[in-house]
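K.L.:
Since the structure of chain A is provided, determine the placement of chain B on it from the hints.
Residue numbers (full-length UniProt numbering), protein chains in the order written: chain A, 1 to 129; chain B, 1 to 189.
Calculated from the structure, these hints are not laboratory results. This structure is a prediction, so every number in the text was calculated from the model and none was measured. Glycine included, each C-beta is placed from N, C-alpha and C at the ideal position.
Calculated lysine to any residue pairs in the SDA-like style (CA-CA distance at most 20 Å, straight line):
{"id": "1", "chain 1": "B", "residue 1": "Lys-56", "chain 2": "A", "residue 2": "Trp-35"}
{"id": "2", "chain 1": "A", "residue 1": "Lys-38", "chain 2": "B", "residue 2": "Lys-52"}
{"id": "3", "chain 1": "A", "residue 1": "Lys-38", "chain 2": "B", "residue 2": "Ala-60"}
{"id": "4", "chain 1": "B", "residue 1": "Lys-165", "chain 2": "A", "residue 2": "Trp-47"}
{"id": "5", "chain 1": "B", "residue 1": "Lys-56", "chain 2": "A", "residue 2": "Glu-40"}
{"id": "6", "chain 1": "B", "residue 1": "Lys-52", "chain 2": "A", "residue 2": "Asn-37"}
{"id": "7", "chain 1": "B", "residue 1": "Lys-56", "chain 2": "A", "residue 2": "Glu-95"}
{"id": "8", "chain 1": "A", "residue 1": "Lys-91", "chain 2": "A", "residue 2": "Phe-29"}
{"id": "9", "chain 1": "A", "residue 1": "Lys-66", "chain 2": "B", "residue 2": "Pro-126"}
{"id": "10", "chain 1": "A", "residue 1": "Lys-38", "chain 2": "B", "residue 2": "Glu-55"}
{"id": "11", "chain 1": "B", "residue 1": "Lys-53", "chain 2": "A", "residue 2": "Asn-37"}
{"id": "12", "chain 1": "A", "residue 1": "Lys-66", "chain 2": "B", "residue 2": "Leu-130"}
{"id": "13", "chain 1": "A", "residue 1": "Lys-66", "chain 2": "B", "residue 2": "Gln-131"}
Listed next, the stretches of chain B that the computed footprint assigns to chain A, with coverage defined by at least 3 CB atoms under 8 Å from CB atoms of chain A:
{"id": "14", "region": "121–131"}
{"id": "15", "region": "152–158"}
Ranges of calculated distance between the beta carbons of each label pair, as one might list FRET restraints:
{"id": "16", "chain 1": "A", "residue 1": "Lys-38", "chain 2": "B", "residue 2": "Gly-140", "range": "47 to 55 Å"}
{"id": "17", "chain 1": "B", "residue 1": "Arg-71", "chain 2": "A", "residue 2": "Gly-67", "range": "50 to 58 Å"}
{"id": "18", "chain 1": "B", "residue 1": "Arg-71", "chain 2": "A", "residue 2": "Val-63", "range": "54 to 62 Å"}
Now for the letters of each chain:
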Amino acid sequence: MYAKQDKRKTESAHEISGKLDTSVWVRAFSSNSEWSNKDEFLDVIYWIRQVLGLIIGITWGVVAMKGFAGIISFSLLNAGLVYIYFNNFQKVEEEEYGGAWEITKEGFMTSFASFMVSWIIVYSAIQYG
Amino acid sequence: MGGGEARGRMVEGKGREMGVIIFTLFLGLTWLLVYRTEKYQKLKLEVERQSKKLEKKKDAFGDGGGDRSQRKKIERQEEKLKNNSRDLSLVKMKSMFAIGFSFTALMSMFNSIFDGRVVAKLPFVPITWLQGLSHRNLLGDDYSDCSFIFLYILCTMSIRQNIQKLLGFAPSRAANQQGGGLFSPPPVK
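For reference, chain A alone in the conformation it holds in the complex:
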């Protein structure tokens, strides 16, 4: 009884904050983890996306990638890596999350914006700084 109440408390605490606690990170980086809370997994996908956007943006800026090839390769890389992550690494049932498209969409726009900002700033700083 108490355990159940406790569990509910921690669950709602997670829902309020939207942050990820440490056990989630452990699960995020180990293959085939159990995801009882759907939102937790989507949050992991979201934050992986953001980090990926920043890293790719900075890399493209450093290697002075130019033109729409940069944007297209970012989109492909971003979608592809996330697809590989949830399909081959975590092996989740995509139907539970409303199909592969739902997961691929999660946080894409924000990650795209982070990518653009880091790409533009690093590129400008290196080429014209």
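P.N.:
Just chain B, lined up with the frame of chain A:
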């Protein structure tokens, strides 16, 4: 000449600092006014719990399945959820106004500082209908020059949502999926 330029730069720097301070104050204020209030916390929890419950129930019975009393129960719950999420968006409205106001103020301030200047070089040439934005008030035909407003919009897009998510102000997925809120279309019957 040189002295005037240096002074201009100093004024600019001060303006920027002031802007950042005012902006932070504004955000802190809205945080205190809206997100710390007990009403908001309670409503948010309630909406989330109800959306989850409703989703589970709908999953269990399907849309057309279940007997009449169960369907009625679901309907009653939907009604309750709708009321709650309407209250929640009313509470949030206050912060939306304050934030909208502070973002506009910040933008007009940055506009007066950076107007007509190239703030960055784009590594690509934007498509035609974006050039009006990325090349706003800039001289010359080099469309890879970037005006401040383009960078500002991109920054808001990436930073604002991430901060909201980090601090837990972003609306939850369960509540989003069930619709609700002030501006969502009424459910089809």
